[in-house]
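S.K.: Residues in the sequence shown are numbered consecutively from 49, following the working numbering.
Be aware that a few hints might be false.
To be verified - The following label-pair restraints were derived from C-beta to C-beta distances:
#1 Gln78 with Glu56: 18 to 28 Å
#2 Pro148 with Glu50: 16 to 26 Å
#3 Arg139 with Asp72: 29 to 39 Å
#4 Val75 with Ile142: 26 to 36 Å
#5 Pro148 with Gln81: 31 to 41 Å
#6 Gln77 with Gln52: 27 to 37 Å
#7 Gln63 with Lys88: 13 to 23 Å
What the hints assert, rightly or not - Below 25 Å or equal to it, Euclidean Cα-Cα: the simulated DSS-like pairs (lysine-lysine) are:
#8 Lys119 with Lys138
#9 Lys140 with Lys119
#10 Lys138 with Lys88
#11 Lys138 with Lys104
#12 Lys140 with Lys88
#13 Lys104 with Lys119
#14 Lys140 with Lys104
#15 Lys88 with Lys119
Keep in mind that the hints were calculated from the coordinates and are not lab data.
Bear in mind the structure is a predicted one, so any value in this text is a computation, not a measurement.
Glycine residues also receive a C-beta, built at the ideal position from the N, C-alpha and C atoms.
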Amino acid sequence: MEWQPEPESLRQLIQLLNSTQSPDNEVQQQNNQRLEELRKVPDFINYLLFVLVAMKEESATARAVAGLLLKNSVRQDFGSIPPHVLEYVKRKSIDAIGDPDTL
Numbered sequence: 049m050e051w052q053p054e055p056e057s058l059r060q061l062i063q064l065l066n067s068t069q070s071p072d073n074e075v076q077q078q079n080n081q082r083l084e085e086l087r088k089v090p091d092f093i094n095y096l097l098f099v100l101v102a103m104k105e106e107s108a109t110a111r112a113v114a115g116l117l118l119k120n121s122v123r124q125d126f127g128s129i130p131p132h133v134l135e136y137v138k139r140k141s142i143d144a145i146g147d148p149d150t151l
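When you get a sec, could you build the whole thing from the sequences and use the hints?
M.R.: Structure below.
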């Protein structure tokens, strides 16, 4: 069975991704702190990839932020990402190649 996000966690992540564009410095600091906490969650990369690839109905902003966070997380944490997560990323990333949204 393929990985699926927990709906409430996904909703919270979408809300966080959308709020990253806030001009309020306090909101930005809170977002950065929350994102740092989320980087420690084993499924965080899966959630980001799911938003980028499977949630085409979400705003381009949320999907672009998810993609940027995904890239940075994989780059920074590559050695500590479990092999099954990397395999999921490889398989699902291909789905994003034909995405008509310019993000």
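S.K.: Does each hint fit the structure? Answer for all of them.
M.R.: Results for each hint:
1. Take glutamine 78 and glutamate 56: their Cβ atoms lie about 19 Å apart, and the range 18 to 28 Å holds.
2. Look at proline 148 against glutamate 50: about 24 Å separates their beta carbons, and that is inside 16 to 26 Å.
3. In this structure, arginine 139 and aspartate 72 meet the distance hint of 29 to 39 Å, their C-beta atoms being roughly 38 Å apart.
4. At about 35 Å, the CB distance of valine 75 to isoleucine 142 agrees with the hint of 26 to 36 Å.
5. At about 34 Å, the beta-carbon gap between proline 148 and glutamine 81 stays in the expected band of 31 to 41 Å.
6. Checking the proposed 27 to 37 Å range against glutamine 77 and glutamine 52 shows it holds: the Cβ atoms sit about 32 Å from each other.
7. Glutamine 63 and lysine 88 have their C-beta atoms about 19 Å apart, which keeps the hinted 13 to 23 Å range intact.
8. Note on lysine 119 and lysine 138: the hinted pairing holds, with a Cα-Cα distance of about 12 Å set against a maximum of 25 Å.
9. At roughly 14 Å between alpha-carbon atoms, lysine 140 and lysine 119 fall within 25 Å of each other, so this suggested pair holds.
10. Restraint check: the Cα-Cα separation between lysine 138 and lysine 88 comes to about 20 Å, which is no more than 25 Å; the hinted pair holds.
11. With a C-alpha separation of about 19 Å, the suggested pair lysine 138 and lysine 104 falls inside the 25 Å cut-off, and the hint holds.
12. Between lysine 140 and lysine 88 the alpha-carbon distance is near 21 Å, which keeps this suggested pair within the 25 Å criterion.
13. Under the criterion of a C-alpha separation no larger than 25 Å, the hint pairing lysine 104 with lysine 119 is consistent with the structure, at around 18 Å.
14. Using a Cα cut-off of 25 Å, the hinted pair lysine 140 and lysine 104 holds, with the two alpha carbons roughly 14 Å apart.
15. Between the alpha carbons of lysine 88 and lysine 119 the distance comes to roughly 15 Å, so the proposed pair stays at or under 25 Å and holds.
Checked against the numbered hints listed earlier, the structure breaks none of them; every hint is satisfied.
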